[in-house]
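For reference, the chains in residue letters:
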Amino acid sequence: MTDLSEASDAQLVTLIARFSEVALAEVYRRHGGAVYGLARKVLNNQAEAEDVAQEVFLRLWNQPERFDPSRGNLRSFLLTQSHARAVDTIRSLTSARRREITDAASTAGSGYDVHREAWDVMVSEEVVRALRGLPEDERRAIELAYFEGHTYVQVAQILDVPEGTIKGRIRNGMRRMRGDLSRQGIQGADR
Amino acid sequence: MTHDESAELLAAMALDALDTDSHARVEEHILTCPECQRELDSLREVASALGNTYEAPPEGLWSHIASRLYETDPAETPSLPVFLGDFDPSRPGDRPRARRARGLLLTVSLAAAAAIIVLGLTLSSVNHRVANLENALASNGHNGVTSALATPGHKVVTLSSTDHRVFASFVLLPDGRGYLVKSNMPALPSSETYQLWGVVNGSPVSIGVMGSSPHAVAFTLATSPAPTLIGVTVEPAGGSLTPTHGMVASGEV
Numbered sequence: 001m002t003d004l005s006e007a008s009d010a011q012l013v014t015l016i017a018r019f020s021e022v023a024l025a026e027v028y029r030r031h032g033g034a035v036y037g038l039a040r041k042v043l044n045n046q047a048e049a050e051d052v053a054q055e056v057f058l059r060l061w062n063q064p065e066r067f068d069p070s071r072g073n074l075r076s077f078l079l080t081q082s083h084a085r086a087v088d089t090i091r092s093l094t095s096a097r098r099r100e101i102t103d104a105a106s107t108a109g110s111g112y113d114v115h116r117e118a119w120d121v122m123v124s125e126e127v128v129r130a131l132r133g134l135p136e137d138e139r140r141a142i143e144l145a146y147f148e149g150h151t152y153v154q155v156a157q158i159l160d161v162p163e164g165t166i167k168g169r170i171r172n173g174m175r176r177m178r179g180d181l182s183r184q185g186i187q188g189a190d191r
Numbered sequence: 001m002t003h004d005e006s007a008e009l010l011a012a013m014a015l016d017a018l019d020t021d022s023h024a025r026v027e028e029h030i031l032t033c034p035e036c037q038r039e040l041d042s043l044r045e046v047a048s049a050l051g052n053t054y055e056a057p058p059e060g061l062w063s064h065i066a067s068r069l070y071e072t073d074p075a076e077t078p079s080l081p082v083f084l085g086d087f088d089p090s091r092p093g094d095r096p097r098a099r100r101a102r103g104l105l106l107t108v109s110l111a112a113a114a115a116i117i118v119l120g121l122t123l124s125s126v127n128h129r130v131a132n133l134e135n136a137l138a139s140n141g142h143n144g145v146t147s148a149l150a151t152p153g154h155k156v157v158t159l160s161s162t163d164h165r166v167f168a169s170f171v172l173l174p175d176g177r178g179y180l181v182k183s184n185m186p187a188l189p190s191s192e193t194y195q196l197w198g199v200v201n202g203s204p205v206s207i208g209v210m211g212s213s214p215h216a217v218a219f220t221l222a223t224s225p226a227p228t229l230i231g232v233t234v235e236p237a238g239g240s241l242t243p244t245h246g247m248v249a250s251g252e253v
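The listed protein sequences correspond, in order, to chains A and B. According to the working numbering, the first sequence is numbered sequentially starting from 1. According to the working numbering, the second sequence is numbered sequentially starting from 1.
Treat the hints as calculated values from the structure; they're not laboratory data. Beta carbons are placed, not taken as given, at the ideal position from N, Cα and C, and that holds for glycine. Do not rely on the hints blindly, as some may be mistaken.
Partial list, computed: chain B residues near chain A (C-beta under 8 Å) [as the list claims (entries may be wrong)]: (1) 11; (2) 25; (3) 43; (4) 48; (5) 69.
With beta-carbon atoms standing in for the labels, derived distance ranges [as the list claims (entries may be wrong)]: (6) B/242 x A/125: 51 to 61 Å; (7) B/155 x A/21: 25 to 35 Å; (8) A/6 x B/226: 48 to 58 Å; (9) B/67 x A/179: 28 to 38 Å; (10) B/27 x A/92: 15 to 25 Å; (11) A/71 x B/252: 43 to 53 Å.
When you get a sec, could you build the whole thing from the sequences and use the hints?
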């Protein structure tokens, strides 16, 4: 069996397009924990996160041509897929199930901070610093949208501010983070 | 949606924070706006950095994924004639592509499974890469045959029908590649297909589905040991995991 541990992600996807299960297994070895971890964080449910991770890797297997290395790295591509599917799942849930997720995330009193601390230890220091460097209102809007799966309209309702304001906070916050990460030499989600 | 309206929503889109309707309208705009596409890609990288955490996947997750690789999507009918293309077996992983033969790995012997993984059996009619392969074959197939016949060590195998008529002939190369050289195979109704088999240790192993009216066929034999005999059966369109009828023609390798 060919040793693929030295192959680049782009090479692995090319091999997947040629029907190499071993290449898919190597992609899973490299990125499975991140894909599953993000889905688990958004959904707060192991079984649903597993379903999302399965979908993401099966989609890569069935449609590898959807990955375009000129548009970003494979980790970022897979995480984008994982997040989108997790959000689809969370939005299809009954309001009761959704409350469960929110409640679980809010246990131990100041749930928001606990949640954030757990996340802090898992992502890179630079990303934590970039997020914490944002004005509080921008950071809160981004976190409610990304980690809890709310639309920006829902975020506006939760925070009781106009939709246009939230749209602007998200846009400004994301651009600010991009600038910070770029200055630190981080372009997204490189391994 | 105007460019400015789209640009305002890209950051929220990168966070998957648009409702279905807005998402669809931005996507439509992006199709014709490279600037918005670039901006969205860039913002998605930022979003992915936020989500770039790690949690050990549960045991068994990979097994579940692996067990579903060959599931058939009911919405797709494997109707195109085969995996054939101008692949190069000397390149690692360069294999003809075939998809979704449900239960394939579970129902054939280990040797047969290994061969079928490589050789392929059925394919998805919606997989445009297969169409690309077929287009490549259409333009390069003849050159492949010509080149194969000029390759040292090539072997021509003639398949004869049970009434001793020449049914088809193939040229096989030492590296395992093979091509259809000549065919007297009568056209079948579209509900049926010719399927090529190699006999390895007495058992038939699928080489590929050739369609109802084969005229250009390329394949790679990757069984070990090499087949002692190759033969053709008539199968339902899409092919079969094991022959459902006797061979209409065969020839020793």
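Verification of the hints:
no.: 1; hint: 11; verdict: 4 Å, holds
no.: 2; hint: 25; verdict: 14 Å, violated
no.: 3; hint: 43; verdict: 5 Å, holds
no.: 4; hint: 48; verdict: 4 Å, holds
no.: 5; hint: 69; verdict: 6 Å, holds
no.: 6; hint: B/242 x A/125: 51 to 61 Å; verdict: 57 Å, holds
no.: 7; hint: B/155 x A/21: 25 to 35 Å; verdict: 30 Å, holds
no.: 8; hint: A/6 x B/226: 48 to 58 Å; verdict: 31 Å, violated
no.: 9; hint: B/67 x A/179: 28 to 38 Å; verdict: 45 Å, violated
no.: 10; hint: B/27 x A/92: 15 to 25 Å; verdict: 20 Å, holds
no.: 11; hint: A/71 x B/252: 43 to 53 Å; verdict: 52 Å, holds
Against the hints set out earlier in the document, violations occur for numbers 2, 8, 9.
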